[in-house]
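J.: Protein chains in written order, with my numbering: chain A, -17 to 126; chain B, 136 to 286.
Source of the hints: derived by calculation from the structure; they are not laboratory data. Where hints are given, some of them may not hold.
To be verified - 16 Å max Cα-Cα, derived EDC-like pairs, lysine to aspartate or glutamate:
(1) B/Lys213 x B/Asp193
(2) A/Lys38 x A/Glu94
(3) A/Lys38 x B/Asp209
(4) B/Lys248 x B/Glu162
(5) B/Lys248 x A/Glu94
(6) B/Lys248 x B/Asp161
(7) B/Lys248 x A/Asp101
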Amino acid sequence: VVTRRAALAAGLVALAGCGGGAEDEAPAPPDHVTLDDLRAREQALALAAEAAREQKIAVRHAEHATRLEAAVRRAGGTLSAAAARQPADLAEGEREAMRAYVEALPLLSSPEPRVLAADLLAENAQHLAVLIDQLPDAFGGMAA
Amino acid sequence: VTRRQLALAAAGAALARPAAALAATDERAIVTGLIEREQAAAFAYARAARAPLAAQEDEHARALASALAAMGLDAPAKPQEAAELDPAARRALRGGIEAAIALEDSLLAAYEKAIRGLEQPQVLQTAATVMASHAQHLALLRREAGRDPLA
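When you get a sec, could you build the whole thing from the sequences and use the hints?
T.: Quick look at the structure:
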């Protein structure tokens, strides 16, 4: 039996403004555009983590940006010069980036970039848990 | 119409079955498998006196069950005894931080594999969100064990 609470939980992503209903929206952009947007976010997070003296997290974000850069090129794209906004609060920046990954997932056209996005989402979720030093909600801290 | 013609017609219909229908069947099987893993983890953590983790695994199972219901299937029954659990959950049930870390590692691997086969946007997003939660469990368990949470 699926309870009302379970239905609400499943809809959390959509309720949190994390996409869903892609079928009634404009066509998805090419993969390289979506991946490049995520890359710019990761670069901005690397800078924010350095500013917060969270060196390990800064290194991981720089690695994420490198992996996404390679994915952009594999998808036939080039890197944009546009920079993402550097978040003032690192934990909130992690949360925003996590939501961006969730939103991006259904836009990606094949399993490889989707798995990459899910892996990087998972690593950013770890950053959030470490930064706030507690167990976030059951949906990675994105239900709040 | 002969029996042979009927058989050929049936075979032709099966071959012409839309790829989307086959993909949907696969997707239901993937989500069912994830629910079973979550239910087993919830059972194990409850027995191992890790109530917050048990509660979250239960929430994951319910969210996935809702996605499965939208695809027209009921969730599998919850396990009633240890013998019904997957090996990683069975080990975690006995307690011990390393077994819990191994369980979360195996759940992360299961989600990564599942995401390769998911197509429906909301199912994909729910699975990725739950995968992120398991990554957090793993980091905090590593920290509890005195290890680098971001290793």
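J.: Keeping to a limit of 16 Å between CA atoms, is the pair of A/Lys38 and A/Glu94 held or broken?
T.: With a Cα-Cα distance of about 26 Å, the restraint between A/Lys38 and A/Glu94 is violated, given a limit of 16 Å.
J.: Between B/Lys213 and B/Asp193, does the CA-CA distance stay at or below 16 Å?
T.: Status holds; Cα separation ~10 Å.
J.: Are the Cα atoms of A/Lys38 and B/Asp209 separated by 16 Å or less?
T.: violated (43 Å)
J.: Given the hinted pair B/Lys248 and A/Asp101, is their Cα-Cα distance within 16 Å?
T.: Roughly 11 Å between the alpha carbons, so the hint for B/Lys248 and A/Asp101 holds.
J.: Keeping to a limit of 16 Å between CA atoms, is the pair of B/Lys248 and A/Glu94 held or broken?
T.: Within the cut-off at roughly 11 Å; holds.
J.: Is it true that the CA of B/Lys248 sits at most 16 Å from the CA of B/Asp161?
T.: Within the cut-off at roughly 13 Å; holds.
J.: Would you mind confirming whether the straight-line C-alpha gap from B/Lys248 to B/Glu162 stays at or under 16 Å?
T.: holds (12 Å)
In terms of the numbered hints stated before, the structure departs from hints 2, 3, listed from lowest to highest.
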